[in-house]
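Colleague: Sequence:
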Amino acid sequence: MQQGCFEALSQAFSERMQELQQVSLLRVEDSIKEVQQTELAELEAHVRGLEHNLKDIKAYIAREHECLGQAQGAMHGLLHQKAHLEYIGCHLPSRLPSAGGSSAWPAPQKAQPVGVETAADENVSSNIDAAGQGAGSKVRKAAPRRYISSGELNSCSQYMRQRLTIDKVNAAIDDMVAYAEANRGLCTAVRSNSSKLAPAERKRGHALLNHVAGKEGFKGKFWFAESDMKGGGQLKLDKSGKAIITVLRHLGRLNEVRISMEGASQSFYVLQ
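With this note's numbering as the guide, the letters of the sequence shown map in order to residues 1 to 272.
Note that these hints are calculated values from the structure, not bench results.
For every residue, glycine included, the Cβ atom is placed at its ideal position computed from N, Cα and C.
One or more of the hints may lead you astray.
[Said to hold, decoys possible] Derived CB-CB ranges, DEER-like: (1) A264 <-> S150: 35 to 43 Å; (2) L68 <-> V35: 44 to 52 Å; (3) G151 <-> E66: 31 to 39 Å.
[Said to hold, decoys possible] Listed next, the in silico DSBU-like pairs over lysine-lysine satisfying Cα-Cα at most 35 Å (straight line): (4) K141 <-> K58; (5) K242 <-> K230; (6) K168 <-> K219; (7) K242 <-> K221; (8) K203 <-> K141; (9) K219 <-> K239; (10) K242 <-> K168; (11) K168 <-> K141; (12) K168 <-> K236; (13) K141 <-> K239; (14) K221 <-> K203; (15) K242 <-> K215; (16) K141 <-> K236; (17) K219 <-> K230; (18) K196 <-> K141; (19) K230 <-> K196; (20) K221 <-> K236; (21) K215 <-> K203; (22) K203 <-> K242; (23) K230 <-> K168; (24) K230 <-> K141; (25) K203 <-> K230; (26) K221 <-> K196; (27) K55 <-> K168; (28) K239 <-> K203.
I would like the entire structure built from these sequences, with the hints used as guidance.
Modeller: Listed below in structure tokens is the structure:
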């Protein structure tokens, strides 16, 4: 009986000792406590830094997501514009106006484009103003270069257009612009009494000034004479050239006026 009580007391004492050992393990000394507090503070600062970086990453992802939507919208617009430009490129006429003009006389050194007008069915009209060097110099504009479209050519009757092609007609318009600008340059040179003119050019320039340039319907316009068509190019005094003149008159690109000059009557054509 006494032995059993002793064994129970010994076991209880052993359990109490184990509890005291476990409690002693949890005991923290002051020096170790300071080290732990420092480590905990560093760990807390590190965690707060990670939280701040996480917020920055989330904000960056949100901005990129917003920019992605804008980029997709811009890409859609560019694809639409590309398709539109490809359509325009497929329907442009083969001949387009050049900004430099085709005048046979020296052009002003500084050219400033005023505007380019686009009519229906590939019809392109280019108007370019050239400003002189001096502040008080007059503004001069280039001759109207209004190409025709295939629809306009097809709208003419077969007997009128004959075997003309749109390229041939538009090439003839380039010739007309060259003739008209050459006449404008010749009249300007005669008016300024230029010494670079040959006697024949001076005589023709005076005749154009006296008989044509001052008449109603010619002032401020670009025009050329039927005799100008004797030069090389698509526009000639033949059956094809007359057909081109007829088509352009029908489409409102030309206005024909008969004028008597130097004892002979000839046709002059005003570019519209």
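Colleague: If a hint holds in the structure, say so; if it does not, say that too.
Modeller: Hint-by-hint comparison with the structure:
The hinted window of 35 to 43 Å between A264 and S150 holds, with their beta carbons roughly 38 Å apart. Between L68 and V35 the Cβ separation comes to about 49 Å, which falls inside the hinted range of 44 to 52 Å. Between G151 and E66 the CB atoms are about 46 Å apart, so this pair departs from the stated range of 31 to 39 Å. A C-alpha spacing of about 60 Å is found between K141 and K58, which places the hinted pair above 35 Å, so the restraint is violated.
Between K242 and K230 the CA atoms are separated by roughly 12 Å; this keeps the pair inside 35 Å, and the hint holds. Proposed proximity of K168 and K219 is supported: the alpha carbons are some 29 Å apart, at most 35 Å. In summary, the hint linking K242 to K221 is supported, as the alpha carbons are separated by about 22 Å, within the 35 Å threshold. Taken as a hint, the K203 and K141 pair is honoured in the structure, with Cα atoms around 25 Å apart against an allowance of 35 Å.
Using a Cα cut-off of 35 Å, the hinted pair K219 and K239 holds, with the two alpha carbons roughly 30 Å apart. Restraint check for K242 and K168: the C-alpha separation of about 13 Å stays at or below 35 Å, so the hint holds. Distance restraint check for K168 and K141: the Cα-Cα separation of roughly 25 Å lies within the 35 Å cut-off, and the hinted pair is therefore satisfied. Between the alpha carbons of K168 and K236 the distance comes to roughly 12 Å, so the proposed pair stays at or under 35 Å and holds.
With a C-alpha separation of about 32 Å, the suggested pairing of K141 with K239 holds against the 35 Å cut-off. This hinted pair checks out: K221 and K203 have alpha carbons roughly 21 Å apart, not beyond 35 Å. Pair hint K242 plus K215 holds up; C-alpha atoms about 25 Å apart against a cutoff of 35 Å. As the CA atoms of K141 and K236 are separated by approximately 26 Å, the hinted pair is consistent with the 35 Å bound.
With a C-alpha separation of about 24 Å, the suggested pairing of K219 with K230 holds against the 35 Å cut-off. Pair hint K196 plus K141 holds up; C-alpha atoms about 23 Å apart against a cutoff of 35 Å. Our distance criterion of 35 Å between C-alpha atoms is met by K230 and K196, whose separation comes to about 24 Å. With a CA separation close to 22 Å, the supplied pair K221 and K236 stays within the 35 Å bound.
With a C-alpha separation of about 18 Å, the suggested pairing of K215 with K203 holds against the 35 Å cut-off. Restraint check for K203 and K242: the C-alpha separation of about 28 Å stays at or below 35 Å, so the hint holds. Between K230 and K168 the CA atoms are separated by roughly 17 Å; this keeps the pair inside 35 Å, and the hint holds. For the given pair, K230 sits about 26 Å from K141 by alpha-carbon distance, which is consistent with the 35 Å threshold.
At roughly 18 Å between alpha-carbon atoms, K203 and K230 fall within 35 Å of each other, so this suggested pair holds. At roughly 25 Å between alpha-carbon atoms, K221 and K196 fall within 35 Å of each other, so this suggested pair holds. Taking the CA atoms of K55 and K168, the gap is near 69 Å; set against the 35 Å cutoff, the hint is violated. The suggested pairing of K239 with K203 holds, with an alpha-carbon distance near 30 Å, which does not exceed 35 Å.
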